[in-house]
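Keeping their order, the protein sequence lines are chains A, B and C. Under my numbering, the first residue of the first sequence is numbered 160, with each subsequent residue one higher. Under my numbering, the first residue of the second sequence is numbered 160, with each subsequent residue one higher. Under my numbering, the first residue of the third sequence is numbered 160, with each subsequent residue one higher.
Heads up, a few of these hints could be off.
Stated by the list, open to error - If you only want the chain A side, here are some residues facing chain B, beta carbon under 7 angstroms, derived: (1) Gly198; (2) Thr201; (3) Phe351; (4) Asn374; (5) Ser692.
As the list claims (entries may be wrong) - Which bits of chain A does chain B cover? Going by a derived footprint, with three or more residues having C-beta under 8 angstroms, they are: (6) 246–254; (7) 582–593; (8) 669–675.
Keep in mind that the hints were calculated from the coordinates and are not lab data. Since the model is a prediction, treat every value here as computed from it, not as a measurement. Glycine included, each C-beta is placed from N, C-alpha and C at the ideal position.
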Amino acid sequence: MKNKQSYQWNEMTMGTCYYPEHWDKALWARDLDRMKEIGISTIRIGEFAWSKIEPEEGRFTFAFFDEFLDLCVEKGMKVIFGTPTATPPAWLTEKYPEVLNCNHDGRPYYHGGRRHYNYNSLIYQHLSARIVEQEASRYAPHPAVVGWQIDNELNCEIGEFYSKADSDAFRLWARDTYDTLDALNEAWGTAFWNQTYTAWDQIYVPRPGNPGGVNPHMYLDYYRFISDSAIRYCKMQADIIRKYKKPGDFITTNGKFRNLDNHRMAREQLDVFTYDNYPNFAHGVDDTVRPNLLDRHWAKNLTEVRSVCPHFGFMEQQAGAGSWVSRMLAPSPRPGQMSLWAMMSVAHGSDFVSFFRWRTCVMGTEIYWHGILDYDDRDNRRVAELKDFYKKLKALDPVCGAEYTAAFGLLKDYDNDWDTNVDSWHRRFLEHSEEEIFVAAEVNHTPYNIINIRDDSSVEELAPYPVLFYPHPTLINEARVAVLRAYVEQGGTLILGCRSGYKDMTGRCVMMPQPGLLQALTGSNVTDFTFTSPEEEPVWADWDGQKLETPIFNDILTPLEGTRVLASYANNYYAGAAALTERRVDKGRVLHLGSTFSRENVRQLLAYIGVLEPFAGLVDAPETVDVIQREKDGRRFLFLLNYLPQAAEITLKQPGILLYTGERVEGSYSIPAYGTAVFEV
Amino acid sequence: MKNKQSYQWNEMTMGTCYYPEHWDKALWARDLDRMKEIGISTIRIGEFAWSKIEPEEGRFTFAFFDEFLDLCVEKGMKVIFGTPTATPPAWLTEKYPEVLNCNHDGRPYYHGGRRHYNYNSLIYQHLSARIVEQEASRYAPHPAVVGWQIDNELNCEIGEFYSKADSDAFRLWARDTYDTLDALNEAWGTAFWNQTYTAWDQIYVPRPGNPGGVNPHMYLDYYRFISDSAIRYCKMQADIIRKYKKPGDFITTNGKFRNLDNHRMAREQLDVFTYDNYPNFAHGVDDTVRPNLLDRHWAKNLTEVRSVCPHFGFMEQQAGAGSWVSRMLAPSPRPGQMSLWAMMSVAHGSDFVSFFRWRTCVMGTEIYWHGILDYDDRDNRRVAELKDFYKKLKALDPVCGAEYTAAFGLLKDYDNDWDTNVDSWHRRFLEHSEEEIFVAAEVNHTPYNIINIRDDSSVEELAPYPVLFYPHPTLINEARVAVLRAYVEQGGTLILGCRSGYKDMTGRCVMMPQPGLLQALTGSNVTDFTFTSPEEEPVWADWDGQKLETPIFNDILTPLEGTRVLASYANNYYAGAAALTERRVDKGRVLHLGSTFSRENVRQLLAYIGVLEPFAGLVDAPETVDVIQREKDGRRFLFLLNYLPQAAEITLKQPGILLYTGERVEGSYSIPAYGTAVFEV
Amino acid sequence: MKNKQSYQWNEMTMGTCYYPEHWDKALWARDLDRMKEIGISTIRIGEFAWSKIEPEEGRFTFAFFDEFLDLCVEKGMKVIFGTPTATPPAWLTEKYPEVLNCNHDGRPYYHGGRRHYNYNSLIYQHLSARIVEQEASRYAPHPAVVGWQIDNELNCEIGEFYSKADSDAFRLWARDTYDTLDALNEAWGTAFWNQTYTAWDQIYVPRPGNPGGVNPHMYLDYYRFISDSAIRYCKMQADIIRKYKKPGDFITTNGKFRNLDNHRMAREQLDVFTYDNYPNFAHGVDDTVRPNLLDRHWAKNLTEVRSVCPHFGFMEQQAGAGSWVSRMLAPSPRPGQMSLWAMMSVAHGSDFVSFFRWRTCVMGTEIYWHGILDYDDRDNRRVAELKDFYKKLKALDPVCGAEYTAAFGLLKDYDNDWDTNVDSWHRRFLEHSEEEIFVAAEVNHTPYNIINIRDDSSVEELAPYPVLFYPHPTLINEARVAVLRAYVEQGGTLILGCRSGYKDMTGRCVMMPQPGLLQALTGSNVTDFTFTSPEEEPVWADWDGQKLETPIFNDILTPLEGTRVLASYANNYYAGAAALTERRVDKGRVLHLGSTFSRENVRQLLAYIGVLEPFAGLVDAPETVDVIQREKDGRRFLFLLNYLPQAAEITLKQPGILLYTGERVEGSYSIPAYGTAVFEV
């Protein structure tokens, strides 16, 4: 089922994150005035302020936020109110230590940080519900409030749960899921290593054991359980807020973290999804690993967020140098980068950009997550840049609500994703291929969407894409094969990589010729397979005289009758065997590549299918410039983003209107260092 | 005392590991038929199947294995039955958590993996004895059964024990060993850092303390205690099985793991020793360290196993790509490698080769330890290779029971071995020297045996070797010096390296001129010593104009009267001092090298003594081909093993019969990539 | 307040560390005779010998040390007696486990090592006081005893404390410090992430939480608390000893470890401070990181020790190869190095050099910390070297009590130091700048002193230095600014680096233009700042045509009126902005560098101020030779230390008397490999 969103911004909107509890009240009015002056119309507040409302158990006090929200009304500032459950008060965890999450060893995470609670303790659920009820009943009707953020960054930093409450809940989850221990033993393959469970009490969340000697089927269910726990906790809060919120106000949460089915959460619980965007991590000066394409790599995340919610917002957009006091050192964003990253967000589909945060906090873990203002509270170059950005943003109002243009689709699903948490073979393929498909799309200006595939996916969701990559659908079932078949039959091209279809949905391997259930689609037969060896010459295949990279792992393919061999391995002991096959299925076709994907073989496949560089007729831009299009009501808006510290020269092959200025441009155009341009074409 | 074995195979035998509990019963008969067709005559079963026999505490059920064993009789398949104690049932560890082993921090290893129990908990000993009694009394008389495997891989993965049961047992062990606390305090040197124990209750297995601030004498005893605990646990099972087993059936266990006196265990408890051989670890594609000579490095392990039991078996011989789901990624064995590794086992003395495993498991931690068959159950290239291998193996029946031919001996003992667990100086010498001696032997085609030296070793065990290396006998006592002296006096050549003889058997340093008790043999005096420094030029010595490497550490030697200086240091502050001395002792001699051993100085020493390249008159083979000889009743069988992906050219200097075909060969002969040849010469 | 010491040696004194409890009594007399023969007149004993005096709780026995001390009187050996509290007896920690320190996870450190106790358990305080009372009352009057060492190496190895006793004490410390929870909440910035404390029971020493999500203000107080705890524990012992000690005998402790205000401890509790010096760590052969300048890097530590106590002693001076049995492998000191390192100590201000240790211990963790003698007890090259060193040392008697000559000063304070424990930004600047200032001083022969700055520092302490570096006074307050101002006004030159003055003493950031309270002194304004990026060209500044390095971090400076710009950034987005400013303040001036310090920019600054190479008129020595001067009563003593394995050629520009021989030297002079020379000039 495709995600629909029940809330959308109707004009480009700029915001910031503000913490009234961090500052002397004397600063409030001036802060709001200065925000308004820059163009900020919406602020998020309250998401770490439990103690301001419930300073001791069961005693509630509203004076603080009453005063602040009334001031917001006076100043014309709109407010997104955050529920405060990410940071329980000291009195709470001291009195009820069972609410604490634990590490894998069973040692609690204590007070002093954030996200140290677990979703499953009954008392925490009760106390959370009560504070949300108090806040929502009081402030949802308030005229300043326009939306609600649930908790803060669910599953951020800590996405695994090992408390006693979690074991208790997992036991119930397992019983609900399997009904009988026989069914559970079968699903978890407990005949292996004598793991058979004979009483429900023997079930726990994963505990330390023989290092690495883990049950992958149990782990897979564990991650499903974690996701379900987080969503149930989110639902509990959403249900309360929905009772009180004004019509037109929205419920959201921020961030997209691991071990969480963000698609389901957004679809079932949220009106709109928001994201926290920090591309400056790519420029860290400590031992950070620098990603491919540096800050531009965040486009991968934005593509994933767009899959959750096409017209998302940015709750936290990086506004300054960032780090915790204890780790993650990075330079200040260079002049232009803050606007570049914000415009990158808009290009990818966001119509709301809220900067983190108004003023750099003078205390605590995040004294180095710099806001728009520094500690000294003076206007600075970032304020100046933001004013300029705001002008550009408002010039993009026609783009609000426009759709991102994708040349192809990438299929992803949570089952395969979570399987890679514990399966090191699977992880090695999937991470590599998804990364390489991303890089190929970027450097070839061939944008893509991610489509989340599930048992109830419909062919209507897939049909818009002429081609779909599903790199390594290791786990697959009949329902998903059926929708893939329907997609192909109506004319689509499906491309699969190595190791497809050798597991069922429990993560157990199927006793069928590979690619298992997918074989009827691929018309291919995996007769042998191997990792490629670092000791040997890289393996490649010959595709009509072209060299086709076949890295990491090789399925040695045999075509079934009616299947065409496009490329054959050129070396190693399986030289001559099929490496890439194609099978027509009704109006469409299925390609089966025996290896992982690389940026080069993806380029060749996109060219073969004819979807490479869809904007080549509109603009000629260097590889280092991102080219993105949004379209609405027949109007097309072309975003050009320059991530480099040098100006970039592009050529518009058709005339376009530069939205920032209204100026008509054709032919050569220069985008400044870290600069952007948006043309209507 | 030299290890004798009470069981030997009387013909070359091929087997596999089979898990009836993993598969639908419908597959059993066909599986057995297919095995027989390939040449497999023996299978191992049952070693992780406790729950199949005791599904709840005290309730025993035999229907499952009755049915399977009866089928084996029908199909003519012989069975090695494994006791199931490596993986206790979930009900057991849930009810009796005291049976769990703990990590050094005292945190238990929980259910879900294997080997998470400890040897010392009384209840686990009781429950283990009961399940073994039940199995042995039922199945030892069964006509299908030919042997028993105790537990699985004792001390594998986890070879240290820190549970309360272990502390309790260690306290008793210490009291048995020392009788009084005064004696213990003396042996453990507790005057240092005020460690003096004044009550037995103060004794524990090692617990976390000041990092690195460990008592090495206590640790040394701890490892002796671990070994004793494992052997006592093995004995408990062996005693039970021996009551029931048929005459001619054997008791074994598999694997050779750390902190365990395998020699004593084999001699006292087992009829024959078996090993699990996985040379493909050398080709891992993750962060595996690649050993010297890659897969050929496993020859070092096989030499060690042969020391435990000259005519051992292979219980698990690698049959496919291998890894756990969570780690250890490796390519599939290349065509030929599976046979190569199996033939390497035979060359080193094995007359039984059982492949791990019949079919790749479709569930659990080991879905990537590939068996002969893949998940899809189809015949594949490995089945074909195995059929070919079986023909070759049966052509080697004359070799069954033949002895491995060694040109020299290497002395090893457990006390020095375990001392290196905690002594980082000692570890640095010993690991380096043993590795280099191995490499020198391999690349110079000069095979060796390992001789385990102990207080009751006899000169008869040593006398067959013209030369013995004892690289760094740091711990030594009068009994061992006496047997070394007897060996030398009857004509042997003993070669010692740096740091010999400076500790007693408690690991305390002796207040004698070094090499301590060995000085009467070496006739040398260590007047100064030092690590060589990475900042300085490598130190070397001059040996009659030849450069002799003296790496890692240097004892600066002074010859006593009657001792000859063979080589003197050529640089550093001790240039001119003796680096290598030789002393005649009756009919033999003792060489004392002031440094560690290197592949180059070992080659020089072997040449000096005249044992280098014993097969040079038979065959001319490149360094990359392994040359191994087994001999029996005056017949000599020459194994040539090619580990490389290219064919290797060798020259037979005397005619030989290629056993695989019966063909007569002389002069040039080509061994294919990953190929082998066995000639009778 | 400058540290005064109440004890000074009145002649050059040589000692060693001796452990009578490690050796047969039969060795004692001969050992003492041999020591005397070498020149050793003082030994330290007893610091790990609790059980020798209190073998069981409350039973005291003195026969052992009575006998030994009487022998010392007989042999004319002076004794420093160590209290034994670093290693509690086994019976103590077994009976009272609450005395054990714990790691951050709360897991105890157990018996077997050392320093596994905590300072705050009441029972440990009680039992420590009792053993010290027993020892001091018995032995302080003893004629052999000349001084007392408290405990051993307070805070060594383990400098953090996480036991329950520590939490209990920290709670009281916090209450004493802040009086109210409101004040504590304000100081700790608990409004951030809802950390507000509402009961004292919620206060603990740091516990594990969200990884890295730490409260830096709480941590800063925690380190203050650790220091206070150690000093209070030291005071408890000093108070007892002072009751009994003979007039003229001294109280000391050894070592200078982290999280401890050594200046306050020395000033308030000790008569003299001693240090343990192991430069051979620099030559480790394992994975040790090799410091700048290798063993010569220990000059940095010696400079720090001199700051604590100008005429310190060396309680442990490296005498041989060193390591624990479990880690830290190093070669033997090369001939000459032992003397070189000892003379380096004397050059830096020590008048007492006690070698660690008499004879290498034959048991326990430290069998590889080699003493003067080896296990074999024979005279060796180190004994010979020591005899030679003793002659040289006694020739330096005129130097005893002489002052070290410093060309400039470096300001340090504990608040900033401890802030870097948790603040990774701050750590990155401060460690880099202090290291580079040290290296610049060494290679340019421009010695410096470290001055500990505190709230009660006086201008008299600072005035002797023409120039003071205070690289990154991130935390600063009015009191410290006042003394800096007074220093400058009377004519001093103060040099500050980037990131000055942006925090208050709680570690909270100040809402003022940077450099905050220091702005009135610097006359500069930080308008922007950033880490330099590894992706960009290194940033540098132009200083009148000279290139000035500005590494790691850049404050972009704006001069206030009256401030002169000395250098401006030459590249990056702030090219042209001020990088180095100078402001006259009364008779002095303040320089503000926008970056960290580098060895090259420090050299340029020292040259600009005119203090570079103060001995250039006396001696011409290569960079690799250390040049140090001590002076007393108008006499000047020039130490030249050659750390290299080759002889070094120097030129005396004025005639000098070589103290070792009395010979007059002028012009060329050669210092042998690892050699030293001391001239009176």
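Tested hints:
1. Gly198: 50 angstroms, violated
2. Thr201: 45 angstroms, violated
3. Phe351: Holds: closest Cβ of chain B sits about 3 angstroms from phenylalanine 351 of chain A, inside 7 angstroms.
4. Asn374: Holds - the Cβ of asparagine 374 of chain A comes within 7 angstroms of chain B, reaching about 6 angstroms at its closest.
5. Ser692: Holds, about 5 angstroms.
6. 246–254: violated (count 0)
7. 582–593: holds (count 4)
8. 669–675: Three-residue rule met by the region 669–675 of chain A, so holds; n is 5.
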